[in-house]
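Visitor: Once you have looked at the hints, place chain B on chain A.
Number of protein chains: 2
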Amino acid sequence: MTERLVVIGGDAAGLAAASQARKRRAAADLEIVAFEKGGYASYSACGIPYLIAGDVAGPDRLIAREPAVFRDKQAIDLRMHSEVTAIDVHASTVTVHDWTTGKEYGQPYDQLVIATGAVATRPPLPGADATGVHGIQTLTDAMDLERRLGEEKPERAVVVGAGYIGLEMAEALIRRGLTVALVDDGPQPMRTLDPDMGALVADGLRGIGVTLYQGERVTAFSTAKNGHIEAVQTGTGTIRAELVVLGMGNRPDSALAAAAGIPVGPTGGIRTDRQMRTSVDGVWAAGDAVETFHLVSGRPVAIALGTHANKQGRVAGINLGGGYATFPGVLGTAVSKICDYEIARTGLTEAEAADAGFATESVVVESTTRAGYFPGATSMKTKLIAERRTGRLLGAQIIGKEGAAKRIDGLAIALWNRMTVEDMSGLDLSYAPPFSPVWDPVLIAARKAAELIERAAEA
Amino acid sequence: MTERLVVIGGDAAGLAAASQARKRRAAADLEIVAFEKGGYASYSACGIPYLIAGDVAGPDRLIAREPAVFRDKQAIDLRMHSEVTAIDVHASTVTVHDWTTGKEYGQPYDQLVIATGAVATRPPLPGADATGVHGIQTLTDAMDLERRLGEEKPERAVVVGAGYIGLEMAEALIRRGLTVALVDDGPQPMRTLDPDMGALVADGLRGIGVTLYQGERVTAFSTAKNGHIEAVQTGTGTIRAELVVLGMGNRPDSALAAAAGIPVGPTGGIRTDRQMRTSVDGVWAAGDAVETFHLVSGRPVAIALGTHANKQGRVAGINLGGGYATFPGVLGTAVSKICDYEIARTGLTEAEAADAGFATESVVVESTTRAGYFPGATSMKTKLIAERRTGRLLGAQIIGKEGAAKRIDGLAIALWNRMTVEDMSGLDLSYAPPFSPVWDPVLIAARKAAELIERAAEA
Chain A
-13 MTERLVVIGG DAAGLAAASQ ARKRRAAADL EIVAFEKGGY ASYSACGIPY LIAGDVAGPD
47 RLIAREPAVF RDKQAIDLRM HSEVTAIDVH ASTVTVHDWT TGKEYGQPYD QLVIATGAVA
107 TRPPLPGADA TGVHGIQTLT DAMDLERRLG EEKPERAVVV GAGYIGLEMA EALIRRGLTV
167 ALVDDGPQPM RTLDPDMGAL VADGLRGIGV TLYQGERVTA FSTAKNGHIE AVQTGTGTIR
227 AELVVLGMGN RPDSALAAAA GIPVGPTGGI RTDRQMRTSV DGVWAAGDAV ETFHLVSGRP
287 VAIALGTHAN KQGRVAGINL GGGYATFPGV LGTAVSKICD YEIARTGLTE AEAADAGFAT
347 ESVVVESTTR AGYFPGATSM KTKLIAERRT GRLLGAQIIG KEGAAKRIDG LAIALWNRMT
407 VEDMSGLDLS YAPPFSPVWD PVLIAARKAA ELIERAAEA
Chain B
-13 MTERLVVIGG DAAGLAAASQ ARKRRAAADL EIVAFEKGGY ASYSACGIPY LIAGDVAGPD
47 RLIAREPAVF RDKQAIDLRM HSEVTAIDVH ASTVTVHDWT TGKEYGQPYD QLVIATGAVA
107 TRPPLPGADA TGVHGIQTLT DAMDLERRLG EEKPERAVVV GAGYIGLEMA EALIRRGLTV
167 ALVDDGPQPM RTLDPDMGAL VADGLRGIGV TLYQGERVTA FSTAKNGHIE AVQTGTGTIR
227 AELVVLGMGN RPDSALAAAA GIPVGPTGGI RTDRQMRTSV DGVWAAGDAV ETFHLVSGRP
287 VAIALGTHAN KQGRVAGINL GGGYATFPGV LGTAVSKICD YEIARTGLTE AEAADAGFAT
347 ESVVVESTTR AGYFPGATSM KTKLIAERRT GRLLGAQIIG KEGAAKRIDG LAIALWNRMT
407 VEDMSGLDLS YAPPFSPVWD PVLIAARKAA ELIERAAEA
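Protein sequence lines, in the order shown, are assigned to chains A and B. Here the numbering used here is used: the first sequence runs in plain steps of one and ends on residue 445. Here the numbering used here is used: the second sequence runs in plain steps of one and ends on residue 445.
If we strip away everything but chain A, and leave its shape as in the complex, we get (with noise of 0.2 angstroms):
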């Protein structure tokens, strides 16, 4: 008898856990049908400020595989402009609206994996919807932002949010020539990094002539007659601009499994289990909607990420496709490339340590990228955060020019081996003078580190 699989969702997660169930069952054991809202599926959204900065040609590059390709190659029925508005659990049955025509249908399911991505923050402030507010979640967003830039050719821009999208939109906009301001109440752009990391990015972003507004928050969106935005404001003022980017992150879009009963954890993301099944039999969640738990903290954590999104998809998909395998956790490891700096991080900060209970010792070391004599050697800052009483390392952020980002993979395995410092320091770690210093800014930080911790265990 031929199983029923339904997807809710044609992002990344929902597509791999279809793919990889397709590949274990073949469309007589399993009849795959995938549900997409809109009218882009399998894209990569991380690549959308460079879509709008111009390094990208256009949205089709960003497309992995066309609606078509699954259907013809591995006979999942992927049907666009298809929203599901209810799942009836008890009734194996989801709601479907079809965009296109207007209908309404039910369809049955004996497997479902919500895939239900996330839903950009918006501040609920007058003027949040004005003409030139634009959010910058989806691709069909991206296009409608090229499409203002291309025909308005706005001269001023705010951007509202400081995190990894809100920096990189800030940096696309100046390189389209924009005049851009980045407003954010935290104190630093970026609140995943320490403030003394972050203050760098702020460094990097005034150099590249973003006006930095931080610690403010937007009240109101200020609308000419037509509609059309106008300025934004401040608790301090008034910034002018006719374009606006929201950039205020994003949380896991779980209403829908909310109100079909399906638990949802503290942070809002659907509860699954290590193989991304979730308390209701038959049902699956993966991707951005979902929580999992940080492997440092213990914590439940919800971090929308293409990668997470994928490992977690193709989980779901070989459990249901009768394989075995499990979504270990996250580390919290994240990069991204602004104004010539590398960015990077894994594990907690120094208030996440501490938030989860962590009595720490920080070290930040200033390094070259190359040998000093090697031509083209720039500056590097190099944090570790370790628990005071084992040593053991809790967290990594590194800064710098070329060859900074990838670094942090080096660390994000110390910290899923629960390395300490100590340990860290006597590691075998390239080394070649167009590439590092002979001892790699990791292994300068990892013994510094030791030292700390030493110096204070004997106090």
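Hints were generated in silico from the structure; no laboratory data involved. Accuracy of the hints is not assured; some may be wrong.
As the list claims (entries may be wrong) - Distance condition first, Cα-Cα at most 30 angstroms in a straight line; then the derived DSSO-like pairs of lysine-lysine: (1) B:LYS367 - A:LYS387; (2) A:LYS367 - B:LYS9; (3) B:LYS367 - B:LYS434; (4) A:LYS367 - B:LYS367; (5) A:LYS9 - B:LYS367.
Unchecked claim - Stretches of chain A that chain B covers, calculated by requiring three or more beta carbons in the stretch to come under 8 angstroms of a beta carbon on chain B: (6) 27 to 39; (7) 317 to 328; (8) 352 to 364; (9) 399 to 409.
We treat Cβ as the ideally placed atom computed from N, Cα and C, and that holds for glycine.
Guide: Just chain B now, with coordinates in the frame of chain A:
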């Protein structure tokens, strides 16, 4: 009472030991004398190829600190052109030949650090000492070669030996405008890589115009009547050249220690414990002259590398300064940049794994260094070798353009922690379009290796 520390060798290991000992013990407590037989101390030998290529402005740039700095800032009496010709472990004295004055004298010690470094392999062949045949081990060698290049303007060079130094020198000479032939008796350049990965290096070398003579042994060096090199004879023919560079590797320079009855291991390196003590009381050894052990094979190895030398010297200095430190062993991690390729390896090759008794599975993954749609994405090959039964990672090799080399560090840390490829496939590695595809090649390779291991278990 003041103790006397004598250090034999002014390289990284010897001076790191001296500096660390000084840090912990004042001059009134510990007198430090270091003997360096050459005219340069404390320089980066790894920088020599870049000096010849013209990337580094002059030899001074490779010198970390002048001898006077050690005397003035650290009260380390560093004596140049001073060769230790004998150690008497019963009388606790070394015999020193001062090449400047021609005088010989005895120098008593309470503690002795042997950091005699490595000695370059020179073929015991007719003509090997002819004018125009250059070693490339020391800064003096580099300056001799530089002088010949400047004064005689040779047009054709033969490099003997296709290890890191041989390849880096071949490239440097190509960049200086010479016609370069590379002769090596192995089947491929870089025997520290598996043949399939080494073949990529061979392609790269040919791509920049190096003529490769693989699987050929040099049988003689032919000289003109004036004693100058004019050709290299191999098993199969004659290669005309006005310049020969020997890059045939090196071995621990342990002759002095061996003559004094200090135990030397099967690799020819001086044996030490984890604290870098030899089995003779008060005698320590560190750097290229010692043997250490490989953390994957468990076997003794001698690997001449500045990072190990630095660490071992530091460990010896801390311990003889009254502190506590250990050297944990090595993984054989190495990187090099040759012909636009970044070449990196860690752990065991397939052949080394087989030799150590491991049954293995290997995967090679071809991917891009950035997201496929991101400008500047180039190809990269990642190879993982895992134990067949357990899936434990045993070795890794990466060849690619930008961003390849430092990825090996993460793999080295995975090896260090005895991770399995299954575990590795769940790692939270960094992702952003400028730095990697959404599935980092390391994750893809780990996943494919895990699938192979699973299939091998089922078979």
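Visitor: Taking the hints in turn, state whether each one holds.
Guide: Against the structure, the hints come out as follows:
no.	hint	in the structure
1	B:LYS367 - A:LYS387	24 angstroms, holds
2	A:LYS367 - B:LYS9	25 angstroms, holds
3	B:LYS367 - B:LYS434	14 angstroms, holds
4	A:LYS367 - B:LYS367	29 angstroms, holds
5	A:LYS9 - B:LYS367	25 angstroms, holds
6	27 to 39	holds (count 4)
7	317 to 328	holds (count 8)
8	352 to 364	holds (count 4)
9	399 to 409	holds (count 6)
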